[in-house]
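Asks: Chains P and Y are the protein sequences, given in the same order.
Take the position in the first sequence, starting the count at 1, then add 162; the result is the number in the numbering used here.
Counting from 1, position 172 in the second sequence corresponds to residue 157 in the numbering used here; the numbering is continuous, with no gaps.
Keep in mind that the hints were calculated from the coordinates and are not lab data.
It is possible that some hints are incorrect.
[Claimed, not checked] No more than 25 Å apart at the CA atoms, straight line, and that leaves these computed lysine-lysine pairs for BS3-like:
(1) Y:Lys52 to P:Lys606
(2) P:Lys609 to Y:Lys52
(3) P:Lys289 to P:Lys226
(4) P:Lys403 to P:Lys289
(5) P:Lys505 to P:Lys262
(6) P:Lys403 to P:Lys226
(7) P:Lys599 to Y:Lys52
(8) P:Lys300 to P:Lys518
(9) P:Lys606 to P:Lys403
Here the structure is a predicted model, which means the values were calculated and not measured.
One-letter residues, chain by chain:
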Amino acid sequence: MNPTPKRFPPTFASHRHPAPIRRPGASARKLPWGLLLVLALLLGCRPGEERTADGRVVIDYWEKWQGFEKDAMAAVVDKYNASQDKVFVRYVSQSQIDRKLLLATAGGNPPDVAGFWSHTVVSYAEKGALLPLDRLMKRDGLLREDYIPAIMDGCCYRGFVWGLPSTPATVALHYNKALFREAGLDPERPPQTVAELEEYARRLTKRDADGKITQLGFSPSDPGWWSMMWVYWFGADLVDKDARRLTAGEGDGLTAYEWLDRYADEYGRPALRRFEAGAGQFASADNTFISGRLAMQLQGVWMSSFIDQYNPSLEWGVAPFPALVEGGMGTCIVESDMLVIPKGARHVEEAWDFIKFVQMQENMELLCMGQRKFSPLREVSPSFASSHPNPYIGLFRELAESPEARGVPRMTLWDQYRAELGIAFEEIWVRDTPPAKAMDLLMKRVKPRFDRANAAWDRIAEMRLRDWSQQ
Amino acid sequence: MTARERKKLMMGLLFTSPWMVGLLSFTVFPAIYSLYYSFCDYSVLNPPVFIGLANYQELLFDSVFWKSTWNTLYFAAIFLPLSTGAGIVLAVLLNAATRWKGALRAMIFVPSLVPLVALGILWRWILNGEYGILNWGMQLVGLPMVNWMGEPETAKLGLVIGSLWGIGNSVVIYLAGLQEIPPSLYEAARVDGASNLQQFRHVTLPMLSPVIYFNVLMGLIGVMQVFALPYVMTDGAGGPLRSTTFYTMYLFDHAFSYLNMGYACAMAWVLFAIIASLSAVAHRLTQDRVIYGAN
Chain P
163 MNPTPKRFPP
173 TFASHRHPAP
183 IRRPGASARK
193 LPWGLLLVLA
203 LLLGCRPGEE
213 RTADGRVVID
223 YWEKWQGFEK
233 DAMAAVVDKY
243 NASQDKVFVR
253 YVSQSQIDRK
263 LLLATAGGNP
273 PDVAGFWSHT
283 VVSYAEKGAL
293 LPLDRLMKRD
303 GLLREDYIPA
313 IMDGCCYRGF
323 VWGLPSTPAT
333 VALHYNKALF
343 REAGLDPERP
353 PQTVAELEEY
363 ARRLTKRDAD
373 GKITQLGFSP
383 SDPGWWSMMW
393 VYWFGADLVD
403 KDARRLTAGE
413 GDGLTAYEWL
423 DRYADEYGRP
433 ALRRFEAGAG
443 QFASADNTFI
453 SGRLAMQLQG
463 VWMSSFIDQY
473 NPSLEWGVAP
483 FPALVEGGMG
493 TCIVESDMLV
503 IPKGARHVEE
513 AWDFIKFVQM
523 QENMELLCMG
533 QRKFSPLREV
543 SPSFASSHPN
553 PYIGLFRELA
563 ESPEARGVPR
573 MTLWDQYRAE
583 LGIAFEEIWV
593 RDTPPAKAMD
603 LLMKRVKPRF
613 DRANAAWDRI
623 AEMRLRDWSQ
633 Q
Chain Y
-14 MTARERKKLM
-4 MGLLFTSPWM
6 VGLLSFTVFP
16 AIYSLYYSFC
26 DYSVLNPPVF
36 IGLANYQELL
46 FDSVFWKSTW
56 NTLYFAAIFL
66 PLSTGAGIVL
76 AVLLNAATRW
86 KGALRAMIFV
96 PSLVPLVALG
106 ILWRWILNGE
116 YGILNWGMQL
126 VGLPMVNWMG
136 EPETAKLGLV
146 IGSLWGIGNS
156 VVIYLAGLQE
166 IPPSLYEAAR
176 VDGASNLQQF
186 RHVTLPMLSP
196 VIYFNVLMGL
206 IGVMQVFALP
216 YVMTDGAGGP
226 LRSTTFYTMY
236 LFDHAFSYLN
246 MGYACAMAWV
256 LFAIIASLSA
266 VAHRLTQDRV
276 IYGAN
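Excised from the complex, chain Y in its bound form (with noise of 0.2 Å):
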């Protein structure tokens, strides 16, 4: 290495320094000890003591936390298939439209700036069982009132229709890899007689499948760690009856609430692997159906 290049590299590391010294101070470090504090009793105010595998042992035994895994399962598997269809649908629409399009995109996109925080007060109110404006405009089509958020049946169902409100990012995302496609392919697919639905099946998703495979893993990430929309539309209750407590906010109570830093660690590492399988799972399945550009 000359002079020069070693200049060159302490500048670049000088540099980007401030973005390392974050990463090992407030990601990589905590990381590291939440693992220790794992295995620990653990209050945050006492210094830890090592327990072994006491945590995890403790979580088999948990019926809240398998309650909340539950929850956070049925959440995802509702959520991210509609969420991905909507996703789709809205993009193609987008881009087909050829009046008012930028208009129709912020539209789109606009809702998901809202703070997620003032989304949830938002949303507390639009599906409030007695005077929401959902229940209004079904009894308008003759469909019952629900009282939402109020049933353990129906609270998690309220949740996913007031999470679909901020497709809006995925929505760009899906817009930005339709205008990828190259005509040339539409065109072909013309010329061969395919209706528009066919050129849907057979061009539009396997060329969109790239972004498609990664909007899905995204959002199975963000939505096995949903919390500040639940927690703010139920009081941090996750009400009723438990039937929004979802994975983090009970890790959240145990860290915070009922100092026990050391089972709440636990939980994030089996958050992590649950999340890392699922993942794998979704790679493994989708490896063959997802098709790059160079393919």
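The shape of chain P in the complex, shown without the other chains (with noise of 0.2 Å):
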């Protein structure tokens, strides 16, 4: 075997090596790579430390991001290995990536540091499969305050912090200016309560002469990514204070699907569904608010980026979502990437020194600054909102700072409840179920396996906490 290194493509320089990796086991070569193989298969293969040329630790990163936003997490990387000669990140991007850490995690090789999301962080955390960074941040001087707090809460599950942030995320509503400026509407003056939202949403409307939509003022279902959330828009929860008890259905929870209904009725849900079969993937020109054919859309930070891209000469706003009443403050839904150490790592102290390096202002806002996003952490530089390629950014950080702030629950059997969230959204959108039969099928799906989840933490809560706090 030619022991030159590994060969990566250029394309992305945080993958090339300063010099040549070192593998261990090198003197192995010679053995048949059939007989190795089937070692391998039979011992099971975890592989040893590997160290570059030069002796610097090497350690796997793993992250689910592709272009744009992965090249500016390699230019951090870059960046991070450029800075000290003691460890080299390697870092890979990775489709499904919670399913390949599961697995990676459960076989005993996991990757160094890994790319989560707020949202995955407490299911693996419960399960003993996250480090706790408690120890380690108190050790080196991180503090909980030194971030935005309704994204330091996305990072947090039962009083530890198991990833620190990477790049956060906020949705707010956009629109269309010459929309509303053609529908006799102020541009600068986007809709302030639900009601509004409601009469502009009218106004924006078109149909043919066959009654089909051709362009439609707002719609809870596109893209539907939150309407799993749709009772925060209300008042409402999805779970009480300590996420015993399911509350999706209740009070105002009731009132947000009931209002759901009524606006299906409004525009006829075969109209709707209609239009939303025409609608085209969201990266893409065909998106329905980047090809003018939406007036009003619930979307994130990001959407900028896709708008620039698709459609630049598209005119937009954002603003807050509407809130229920007149000067009011809407809820917004705030979410984060972020970066955890998995349990089984091998190098843990190089890990939190990648992740502290990321941390810092300066690496932080690069980061955010290339995926178009806003900085986690409290402090921002002046030049950061001023340089910023999304004019509106102030906006998505202040609705993260805001008091509405609110992110996905934090309990364990999330995947489940969305997924009947979801269910339960569709049976009064597409079917016309009504609100409290549709929510009474929720429950009877999931609180039976809710309550067993809790139960089953019960059982292990004295143990796990003890198990957290001496890690």
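Quick one: dock chain against chain with the hints and give me the complex.
Replies: Written out as structure tokens, the structure is:
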């Protein structure tokens, strides 16, 4: 076997090694490959410590990003690799990272650092698959107070910090100013209340002679990514304070679904579904908002990148999602990508060193600017907002700092609850199922598992909390 | 056993050992373990905890489990007869074709080589409710437009249509079977005054019955595990309203999204029992109707 260094694609600088990696067990290179494979299969392969030729420890960092988002983190990784001579971060982009991390962790061979989401961290943390970072943070002087509270909340579970933010996101109402003008609406005054949203949507909707919707004012199901959190806009919650009771179908939650039902009734379900059928892929010029067929759309901070890419001439604005009452503040959904250290990672100190590096204000801003998001840190340099390509970045940050900013519930059963909330939404939106019945069906499907999950936690809570506090 | 025979045996075992190691490591061992896990509360990340039959009991009361089972059986009940009928008809036509035989065979077979993910993306567009080419064709002949993948009532039919795209494999097998039928049987039938239809009914179908049986059985096993096409065409959601949530999709959700690997293993063994039962029923129903050459 030729001992020349492994070659990496030239496009991603972070993949290039400064020097050849010396792999352990190089003396075995003369053995037949087939025999090695069989031995590896039989014994289970857990590679030893890898080092670069100049002696740097190689750590693996798995991320989920592609395109410009991947490149933004690659710039930070490159900067880290150039900043010191002890650690080399090998940055690999993975699809379905949560599933791959699940299997790699179960197999005892996880990466040293992984990019995760705030909504997946809970179930992995509760099952003991992640390392709590509190001890390391305390040792090195990193404080929870250094971050925007709603974003740090998304990193925490049961009082422990499980990851530190990489890039956060909030969602807001994006609207088409040209269509506002056409409809006789003030393009500088987006809807302030839910009632106004309904009124604006009516004026912005157009139909052809057959009754087919050719332009829609607003659709709660486009893009539908937050349909499971629909109750948030109406002041309700998905679980109670201690996450021991499901509350989506109670009080204001039910009101939210009744509003949804009325909205679908008003426009006609077949007409709405026909409009949805013509919607193209999100990241395309066929996107309903980007193509000008949908006048108002709930979207995240990332939307400006796609507008610039697919329809730079679009005249658009951003506003907080309308409040229920005049003068109120609409709820804002906040989520965050984060960096975690999986349990069983071989290079915890090196992984932590890299995570700390990303958390430095300068590096965080490099990353967030590259991904066209806002910084999760409380401290932001004055030039960050002024040079940011998204003209509304300040608003997205304000939304994250707002007391109405909310993330997904901190519960292990979130993935199942989310799926069932989506089905309840569809039951009302598509099938015209009465909201109370849809919520009743949801409770029947989720509650038994939810109660069992809580009971399971009760059995292991003491042991888990003790373990975590000692890690 | 002589020394020479022993040596031959050892060589044989040595050369088949990669396959045997693979079979044991990646099929037999996981299968045995999955049976054990089906009796456990197992999240993959934590050690399994034995809970007896609890997973199987829970399945009985899981409405989504029943819905996904129904969806799968419904899909199988429509797809299998259609694919079998269309496969036989296409094979007979190809067998009879005198010109462009090779090109026609390639046209039928090549679509089955398209990767399933690409096929899924392609059919999403073909079946698009507003701009799909299928709706365009239907409008040309005066039929109303159908929001194929947007309505719970039509989504499964849309998947059936998309899946029929890949029947080229079975057509090739039918074609091989047709070419094995001795021409003397047709000659004898013609001498007796049989029409083309009668020849097909009394010569082709009986002589092709072992191939039909094989294709139906393989098709049944495959269709009960349908996954990739609906997964791609619905972004993994199985919508609308779970109308395209097939058995293996729900199993996959439990295994890798909900971290209920024990429950997913129980589902896998139930699926095995369903497929084995259906296969046994199919065997029982057809054993007197399949005519082998030796008979």
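Asks: Name the hints, by number, that the structure is in violation of.
Replies: Of the numbered hints given earlier, the structure breaks just one, which is hint 6.
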